[in-house]
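Convert by adding 1 to the 1-based position in the sequence shown; the result is the number in this note's numbering.
In short, the hints are calculated from the structure, not lab data. Treat the hints with care, as some may be off.
What the hints assert, rightly or not - Restricting the straight-line Cα-Cα distance to at most 20 Å, the calculated cross-link-like pairs of lysine to aspartate or glutamate (EDC-like) are: (1) K125 - D176; (2) K39 - D176; (3) K114 - D209.
As the list claims (entries may be wrong) - Quick list of the computed label-pair ranges, beta carbon to beta carbon: (4) K39 - S4: 36 to 46 Å; (5) D209 - A132: 33 to 43 Å; (6) D176 - S4: 44 to 54 Å; (7) K125 - L9: 21 to 31 Å; (8) L9 - L205: 13 to 23 Å.
The C-beta atom is built at its ideal place from N, Cα and C for all residues, glycine as well.
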Amino acid sequence: MPSTSNLLGFLLLAIVIIVVPGPSVLFAIGRALVLGTKLAVLSVLGNAFGVGLQIIVVALGLGVLIQEQPGALFTIKIAGAIVIAFLGLRAFVGRANLEIAEDKSSSSTTVIKQSVVVGITNAKTFVFFIAALPSFVSPADGSPIVQMLILGLIFSIIGIASDMVYAVAAGKARDWLSTSSQRLAGFRGAGGIALFLLGVYMLLEALDFF
């Protein structure tokens with residue numbers, strides 16, 4: 002169990018990192034605008050599960066090995082950017098198809114799978130865990146693996162709560178506009194554009210354009 006000082010220090014750092022809107026927040030908002038509140042909530046949970054897998058990898062000591070492997074982190078960044086850009090482009094192209102329930106690509110299972118992939122390939126959180134988790138672990142406080150898993154769980158809980166607020170708010174706004182098919186199509190299109198631009202930005206960042 003991490004010491005109180007390490008817990009408080011990591012908690013403060015996690016809040017600062019999470020409160021500032023990043024890729025996960027923009028992903029949650031974009032999915033809410035495209036798919037609505039229910040599937041946006043599932044997207045948040047799927048994304049959190051993917052990030053949780055990153056935490057396990059780092060806690061087991063494999064994170065540093067992946068980071069030091071030439072091209073591994075670059076591949077993760079590129080894959081994540083492509084997945085998000087693809088989801089955004091598909092949402093924009095199909096923005097006029099308002100019968101979401103009949104769209105197999107928008108089923109709960111598919112949405113969760115897509116979101117898990119996005120979470121796993123979020124290179125920013127991966128690098129953050131590699132850098133931050135070991136810094137708040139002390140051998141005197143027990144198993145380092147257990148300590149890192151606990152810290153990672155704290156990060157995930159805060160992240161889920163934050164992303165849920167954004168997703169539900171965006172989803173409610175979308176539902177309010179659903180009385181007009183044209184406005185709803187425009188909202189879905191805006192969500193698709195937001196996701197696509199996020200993917201493009203992540204791709205350019207991975208290629209060191211920024």
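Hints, verified against the model:
Using a Cα cut-off of 20 Å, the hinted pair K125 and D176 is violated, with the two alpha carbons roughly 31 Å apart. For a cut-off of 20 Å, the pair hint linking K39 to D176 stands: about 11 Å separates their Cα positions. In summary, the hint linking K114 to D209 is not supported, as the alpha carbons are separated by about 29 Å, beyond the 20 Å threshold. Taking the beta carbon of each, K39 and S4 are about 40 Å apart, inside 36 to 46 Å as hinted.
Hint check: D209 to A132, Cβ distance near 19 Å, so the stated range 33 to 43 Å is violated. Range check, D176 to S4: Cβ separation about 45 Å, and the 44 to 54 Å hint holds. Checked against the hint of 21 to 31 Å, the pair K125 and L9 passes, with Cβ atoms roughly 24 Å apart. Between L9 and L205 the CB atoms are about 37 Å apart, so this pair departs from the stated range of 13 to 23 Å.
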